[in-house]
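*Asks:* Please put together the full structure from these sequences, using the hints given.
Next come the chains, spelled out residue by residue.
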Amino acid sequence: DSGVTQTPKHLITATGQRVTLRCSPRSGDLSVYWYQQSLDQGLQFLIQYYNGEERAKGNILERFSAQQFPDLHSELNLSSLELGDSALYFCASSASGPHTDTQYFGPGTRLTVL
Amino acid sequence: TQLLEQSPQFLSIQEGENLTVYCNSSSVFSSLQWYRQEPGEGPVLLVTVVTGGEVKKLKRLTFQFGDARKDSSLHITAAQPGDTGLYLCAGGELGSQGNLIFGKGTKLSVKP
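Sequences listed follow chains B and E, in order.
End of the first sequence = 118 in our numbering, gap-free, step of one.
End of the second sequence = 201 in our numbering, gap-free, step of one.
Calculated directly from the structure, the hints in this document are not laboratory data.
Careful: at least some of the hints might be erroneous.
[As the list claims (entries may be wrong)] Below 16 Å or equal to it, Euclidean Cα-Cα: the simulated EDC-like pairs (lysine to aspartate or glutamate) are:
| hint | chain 1 | residue 1 | chain 2 | residue 2 |
| --- | --- | --- | --- | --- |
| 1 | E | K196 | B | D44 |
| 2 | E | K159 | E | E182 |
| 3 | B | K61 | B | E79 |
| 4 | B | K61 | E | E182 |
| 5 | E | K193 | E | E94 |
| 6 | E | K159 | E | E94 |
| 7 | E | K196 | E | E94 |
| 8 | E | K200 | E | D160 |
| 9 | B | K13 | E | E130 |
| 10 | E | K145 | E | D156 |
| 11 | E | K193 | B | D44 |
| 12 | E | K148 | E | E130 |
*Replies:* Here it is in structure tokens:
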């Protein structure tokens with residue numbers, strides 16, 4: 005158990021819909037990262053937050069957004085969903101300090117768009 | 090953009106055999122992590138290496154970071170069925186805010 009929690013575990017929805025994925029980092033960790041994992045692309049970095057502020061952006065679509073709240077949990081919002089958005093979405097957290105590389109991953113949310 | 094290439098992509102061996110997985114890049118990384126992932130689960134951190142030439146051992150697993158911090162290897166001695174999984178290497182981008190670049194992974198299957 006990494007100490008990172010994600011909900012829900014599974015999510016099934018239809019094209020055009022909007023969903024919210026939730027992540028709680030390890031106790032004391034200030035950085036939260038979101039990744040998308042699909043069969044053909046591997047793990048792709050989406051976005052990073054540090055202590056409530058966006059710190060870095062990766063391959064995140066404009067239809068996707070995220071935020072980190074004062075209690076440090078984070079949410080990833082996916083809108084206007086397409087079939088190709090079906091994937092595993094992982095949250096990871098790292099120890100205090102934006103330059104710490106070691107990340108601890110949650111169990112993921114499996115999103116299926118029908 | 091920094092890229093990490095892992096090889097081989099797939100590896101199927103018998104219990105008791107040794108194996109090595111490689112992670113290569115043309116770019117320098119501040120650190121390199123190895124993760125193991127089982128189907129439907131999140132990646133689990135195995136080791137972090139930060140110094141060029143560093144070697145770390147974790148029971149039957151030996152990790153090495155290249156002298157130039159551009160490549161790494163994972164060697165497993167006497168593989169067991171419990172070692173089966175997806176092995177991912179991830180490099181910390183120089184000058185980044187802690188972002189990791191992931192390789193596509195090596196899918197290892199160890200048959201009893």
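*Asks:* Determine which of the earlier numbered hints do not hold for this structure and return their numbers in increasing order.
*Replies:* Going through the list in order, the structure violates hints 8, 12 and respects the others.
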